[in-house]
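Participant: What follows is the residue order along each chain.
Protein chains: 6
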Amino acid sequence: MFYHKKRLQYFTKPEKPDPILAKKMQELVGGPFGEMTVMMQYFFQGWNCRGPAKYKDMMLDIATEEIGHIEMLATTMAYLLDNAPLEQQEEAVKDPIMQGVMGGMKAEDIIMASMNPQHATVSGGGALPADSTGYPWNGRYVIASGNLMADFYSNVQAEAQGRLQAVRIYEMANDPGVKDTLAYMIARDTMHQNQWIAAIEELKADGLKNLPIPSSFPQEREKQHASYQFWNLSEGTESKEGRWAKGTAPDGKGEFEYIENPQGESEMPDPPAPDPRLHSTGKQ
Amino acid sequence: MFYHKKRLQYFTKPEKPDPILAKKMQELVGGPFGEMTVMMQYFFQGWNCRGPAKYKDMMLDIATEEIGHIEMLATTMAYLLDNAPLEQQEEAVKDPIMQGVMGGMKAEDIIMASMNPQHATVSGGGALPADSTGYPWNGRYVIASGNLMADFYSNVQAEAQGRLQAVRIYEMANDPGVKDTLAYMIARDTMHQNQWIAAIEELKADGLKNLPIPSSFPQEREKQHASYQFWNLSEGTESKEGRWAKGTAPDGKGEFEYIENPQGESEMPDPPAPDPRLHSTGKQ
Amino acid sequence: MFYHKKRLQYFTKPEKPDPILAKKMQELVGGPFGEMTVMMQYFFQGWNCRGPAKYKDMMLDIATEEIGHIEMLATTMAYLLDNAPLEQQEEAVKDPIMQGVMGGMKAEDIIMASMNPQHATVSGGGALPADSTGYPWNGRYVIASGNLMADFYSNVQAEAQGRLQAVRIYEMANDPGVKDTLAYMIARDTMHQNQWIAAIEELKADGLKNLPIPSSFPQEREKQHASYQFWNLSEGTESKEGRWAKGTAPDGKGEFEYIENPQGESEMPDPPAPDPRLHSTGKQ
Amino acid sequence: MFYHKKRLQYFTKPEKPDPILAKKMQELVGGPFGEMTVMMQYFFQGWNCRGPAKYKDMMLDIATEEIGHIEMLATTMAYLLDNAPLEQQEEAVKDPIMQGVMGGMKAEDIIMASMNPQHATVSGGGALPADSTGYPWNGRYVIASGNLMADFYSNVQAEAQGRLQAVRIYEMANDPGVKDTLAYMIARDTMHQNQWIAAIEELKADGLKNLPIPSSFPQEREKQHASYQFWNLSEGTESKEGRWAKGTAPDGKGEFEYIENPQGESEMPDPPAPDPRLHSTGKQ
Amino acid sequence: MFYHKKRLQYFTKPEKPDPILAKKMQELVGGPFGEMTVMMQYFFQGWNCRGPAKYKDMMLDIATEEIGHIEMLATTMAYLLDNAPLEQQEEAVKDPIMQGVMGGMKAEDIIMASMNPQHATVSGGGALPADSTGYPWNGRYVIASGNLMADFYSNVQAEAQGRLQAVRIYEMANDPGVKDTLAYMIARDTMHQNQWIAAIEELKADGLKNLPIPSSFPQEREKQHASYQFWNLSEGTESKEGRWAKGTAPDGKGEFEYIENPQGESEMPDPPAPDPRLHSTGKQ
Amino acid sequence: MFYHKKRLQYFTKPEKPDPILAKKMQELVGGPFGEMTVMMQYFFQGWNCRGPAKYKDMMLDIATEEIGHIEMLATTMAYLLDNAPLEQQEEAVKDPIMQGVMGGMKAEDIIMASMNPQHATVSGGGALPADSTGYPWNGRYVIASGNLMADFYSNVQAEAQGRLQAVRIYEMANDPGVKDTLAYMIARDTMHQNQWIAAIEELKADGLKNLPIPSSFPQEREKQHASYQFWNLSEGTESKEGRWAKGTAPDGKGEFEYIENPQGESEMPDPPAPDPRLHSTGKQ
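The listed protein sequences correspond, in order, to chains H, E, D, U, Y and S. In this text, residue positions in the first sequence follow our numbering: the first is 1, and each later residue adds one. In this text, residue positions in the second sequence follow our numbering: the first is 1, and each later residue adds one. In this text, residue positions in the third sequence follow our numbering: the first is 1, and each later residue adds one. In this text, residue positions in the fourth sequence follow our numbering: the first is 1, and each later residue adds one. In this text, residue positions in the fifth sequence follow our numbering: the first is 1, and each later residue adds one. In this text, residue positions in the sixth sequence follow our numbering: the first is 1, and each later residue adds one.
Bear in mind the hints are in silico, worked out from the structure with no lab data behind them. Since we're looking at a predicted model, the values are computed, not measured. Take the hints with a grain of salt, since some may be wrong.
If several chains are the same, the list does not tell them apart, and a pair holds so long as it fits within one copy or across any two.
Simulated crosslink set (DSSO-like; lysine-lysine; CA at most 30 Å straight-line) [what the hints assert, rightly or not]:
id, residue 1, residue 2
1, K106, K16
2, K6, K106
3, K16, K6
4, K5, K179
5, K253, K223
6, K283, K240
7, K6, K246
8, K253, K16
9, K13, K106
10, K106, K179
11, K246, K223
12, K106, K240
13, K6, K240
14, K204, K106
15, K253, K106
16, K106, K246
17, K16, K240
18, K106, K5
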């Protein structure tokens, strides 16, 4: 069960409306690594968790925080979409030189042409559960496998891409209010990246999980001759110089081997004849 | 440019057809963490890479390998879908007890009812670019941000979830041929998990990138008082016991702090009045 | 901001696992009218609301309740997916008559063939943010227009279809635990249908909104000769007998008129010639 | 069976091309509440209807009308997309001040940059089955449950949101031809809102259906103690002031009750241990 | 404008309900090559057509026919979904041998487990605008480019794949009523394949369009040295034996040339350095 | 198995960055008829092919070529997205007349407002697996039926629409480098259209397949009285003038017949009563 409190974790009011910035910020709301994703991802991981209580509680702590992040962004966007230019300017530009160049367009027309049309027509000036191209958020973004080690790597990635995207929009924006709010969200992403890396360490320390994921599958059942081979399939051997091509593998269970001229181990089989009831094309 | 060679990296022929297993294996072809994802993800990362040649070459090596993995799976599935039961059995079951229980259904009917219908109707006995529920693969699964550190964490995750899913299907299958082919693919996932973790180490060793991602953004521009706080928003303090709540954070740049009774820092602002041209609901 | 409390609004444990029922119940989690929709819909409506506080508070009350409904369903589904049959039965059926009919299939095989494969492979025994066919929840399900009258009709509909679907699954299920939990959710849907109809009344009583929606648009700007005409375009005049074909319209602003042989008011214009740079097909 | 007649229900030719307006108007064609939705929704409701003939005929009347609405919009859009600016202007702006500001861009360039690219590349100057962000129309927008009461509330909503969106585009447009055609479509939406509300009344009058939906489910099977409770889960009690918190509920079957400090009725159960074959994370 | 007549183009009532067949037949309603696609495709082609009237009229003739095909299928499916098994059978199988094998499942349970759950829960026994895996129809299936030659090839393909799929379901079905109705639809697909091939001939005869599409683009602007080369990029030269590798090309404008060892014409350029504001990974 | 060679099939460097052109070119990468589609389509057709080796080899030749086409486009787009304008211009326009008209916007602002936001925020200056509106590529675009005749018509269509779209972008672009690269891709589309038409001829010459597709289905099982009838369902008889309405059909198996006043052959049946457990609306 949940309770809502009428405060925001952090918020600075935008200085002025900016529907173009609102369009871009949708990526942080409803993009693959936006706040809707991390909220839902941590909830499904937490609700489906069958491991120790400290992990489950931790996941629900942060999931609950992320609902509030959507709220912060939705509040910000209401200000950015306020007084959006909604009407084409009727009076023609008077200056003849200007008219030749601009054909009578004004800044308002240009913004109206470039903003997300649904911010006016569909939501009436509010945030949308969609990304910056208008594509809706969807449930395939959520990763919750029941294997905490796999999931925590996913969470590091989500916070890494999330912070990267918040930073890019911070660089693009010049509204001091928006930048200030983003500076807080970026700080929380710093925390959350660290949190999930710490959680991976904790899983190892607790002896619950390890590399390779899932570590509970006995490696003698995999084809171990291929478990640490690097296959050089793109012309040139620059890839030979990296850490991934030599030395002990990070899981400590094998030595990397660089296969410079790899060949397929198996012949291509001849496909079975098609079923006549399917009316496919056979050999003759 | 690419060249195709008519060998498979590894392959053991399935012993017998099994359309239900084919339905499940679609997850490994066209699911969010299937081979189509890793192939496309590593290609877009590689093609968009503006970093050192060893990274770019390495990404194109593995992307090229992954095309061959789709080929291995498609070949396997042609055998699993061979001779699928395509017609309802017309003759009724004769034994009266059986008839009461089964209503005349045979194993063939049951398989026909449960298989992916498109494996017959749409693809005529071949693999589909879709997951195990029939949902098509889509480009939002691909993560290629230009920031290699962020992308490599994504790649670890993709290989972790990919190996987990291959292992789960290995456990569910009992066809020795399919299990043997899966045992090879699981081994390659072992390699690829290790490879991407090694690549993260290499980025750090090369001084190119570090935590938090993106490390090129000056942390003094984020709200640093919040950068290492753990917010306890789910009842109970089990989450206090974890590595994420105390000690130095993994990035080495702060100390974790546990906020047991967190309060929002900002008041909820009063939203601006709606634009009359939008015909939304205002205060009076 | 939000807080999570470790209690469930209501819950009765399922008596036994049932992966097929779990597949069907996904509709209530992630279908177009599942709990994810109402939660997100009421939040976006509430966050984007610029009207009186009592409406905004009410929407956030119910949105917050709905998060807990997903939690109830996810908890239920963990039990339904417990001990799912994950392996094909290897030993053949011994009785020769049985073998002929069943081909060695057991109930476990049948369930394994029919369950949502992702409940094993992808989520490892947990709920998914998807509907009963495996299609992911998406943000286009959310309706939040800024016009409360339009939105409240949408909310009645969501709760009506939601209750209808819960009732249908109640009828199909025979697990007493699941039925008991559903009986609670059906009761809440009763409340919520009533709540939104009451809210429509309140908007009218407050003089904020009325029919036709949006009532703030002056009707003299629409083509009023057509505003209350019923066009009979499907053969036969059974439709003439209904309330929609005669008498005063529910908005009280016009009289219904039945047009038995309707004709288009305008001629079909001749389309403009195609632009040569588009290489489309023109008249000659 | 259907017949097509070469007239339009209503049409006024746009005065001049306007690809930006065409982009926005796609919402009325292929958005969640566009003409494709209402056409398909009323057809599936009508074809699936097993109720009295007057309802079925009425649904097919209006569904048939809606095909013609797509035709009206497609015709309008062919004019709006005529002579779209398709080439970047090569000659640089000569005036040095202009050049500094505009960098050589002309109004044509700006329109070309902002229009839906598929209106040129994909459709060659025609309407698309997509919304104003380019997202394709899809079948999950269609609501046809077999329960007419549930469906008619959905239809009110579709017409309400549809009219709201047409009105918003009417406000944004300044082409007299487009406004005139929209004024007709807005009038039809007035009719259709009234029609569906009248149809709800008729269902009640005929004793076929009532509130709560579905009214055929015996309410004694739901947990009736919760059927009329309002749960105050968002801080503050503004929501107590509304019609939804006191008095007799609109279905006439209960009294609203305001629960100011609601508590969950059930304890959170301990989740079952994970299946070892799934390689998920368990308690130790 | 459209008119609906209450007859079906052709229809034979199914002999008995069959929800599994109904699941499969959804492919013909809402799959990529189902009736919804051809209806919408021919309408958008017709409405967007700027060519001679005989083409436009022909496209609208067939589009109008296709609405009726959806109606035929929806009517068929109402019968197939009638009396679907909706409840799990409570009484256990008595015979101990049976119980061991079947665990108490009956044919009704098996059908209930395998049918599309939305046919009960969502549509209440009616057709859905989705394909046989439950994936919704969407507007990206529609091809309407403004170039009639390109579009007519698409139409041949749609009717070819459509007839193939109808034939496959005809083979799978054993209900005489359904087979009879399908035999009519297959006949219409025969007509429509022929019709579109005839229409391609007519475009050539009228001198409107030719190969390669679009024939209005002057071929001297393409890199003509590559216009008729076959590149052998898959090991082995079996492809050399086909018509595509030798002789005059079908457009009559070049001779096929088989390049046995093709080499890329261009060097791979060095990518530009990343923009520092994007925080991507650069060379050092 | 595949090998990558570090050369491009053809490439000319763009003269200057152009993020708007990059947005449009996404259609050629990830649109329904972009390079991702043809690559995946030819691979799935080739991998699933059970016909003669020359066809299978030919399909894998061209599929392998298409991977390289995505590479060419991704390389081009890295240059077009280089130095994109990422920051709003802070300094206001000084000239008072300009300020009135432009409100301080510069060409950079306009480009920033119109470009695909994900080209900055998500991909960091690289190509995306999406189309020109930002909609992701998906697997439903792939057509691979097992029937080569059906598939080859699809391939003609894909190359026809693909060439049409490349030509349209060629016309819109004015960067000589991009035009030169497109001129090569257009030439390859010329080849591929011819190749697939030649392959259709070859299938006929080999006696493998013919019209109507699938030709292996005995036509006496279809309702032959309807196999060559043209139904005139749109007012007017312009459609009577075409090749499709008279003479021998292209398959040589029937004569076209023009039905000027077509009537449905069957009566509309009365739908079955609804199942009470579904709580749908019945007759009384």
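Participant: Does each hint hold? Answer for all of them.
Facilitator: Hints, one by one, checked against the model:
1. K106 <-> K16: Classified as both: same-chain Cα gap 18 Å, cross-chain 18 Å, threshold 30 Å.
2. K6 <-> K106: Neither: 40 Å inside a copy, 40 Å across copies.
3. K16 <-> K6: Intra 24 Å, inter 41 Å, cutoff 30 Å: intra-copy only.
4. K5 <-> K179: For K5 and K179, the Cα distance is within 30 Å only inside one copy (25 Å; across copies 33 Å).
5. K253 <-> K223: For K253 and K223, the Cα distance is within 30 Å only inside one copy (14 Å; across copies 41 Å).
6. K283 <-> K240: The answer is between: 17 Å across copies meets 30 Å, while 44 Å in one copy does not.
7. K6 <-> K246: Result: close only across copies, 24 Å inter versus 56 Å intra.
8. K253 <-> K16: For K253 and K16, the Cα distance exceeds 30 Å both inside one copy (57 Å) and across copies (35 Å).
9. K13 <-> K106: both (27 Å within a copy, 26 Å between copies)
10. K106 <-> K179: both (27 Å within a copy, 22 Å between copies)
11. K246 <-> K223: Within. Shortest intra-copy distance 20 Å satisfies the 30 Å Cα cut-off; inter-copy 41 Å does not.
12. K106 <-> K240: Neither, since 56 Å and 47 Å both go past 30 Å.
13. K6 <-> K240: between (56 Å within a copy, 16 Å between copies)
14. K204 <-> K106: neither (60 Å within a copy, 40 Å between copies)
15. K253 <-> K106: Close neither inside one copy (65 Å) nor across copies (40 Å); limit 30 Å.
16. K106 <-> K246: neither (61 Å within a copy, 50 Å between copies)
17. K16 <-> K240: The answer is neither: 53 Å in one copy and 35 Å across copies each exceed 30 Å.
18. K106 <-> K5: Cα proximity of K106 and K5: none, with 43 Å in one copy and 43 Å across.
In this structure, the hints that do not hold are numbers 2, 8, 12, 14, 15, 16, 17 and 18, in rising order.
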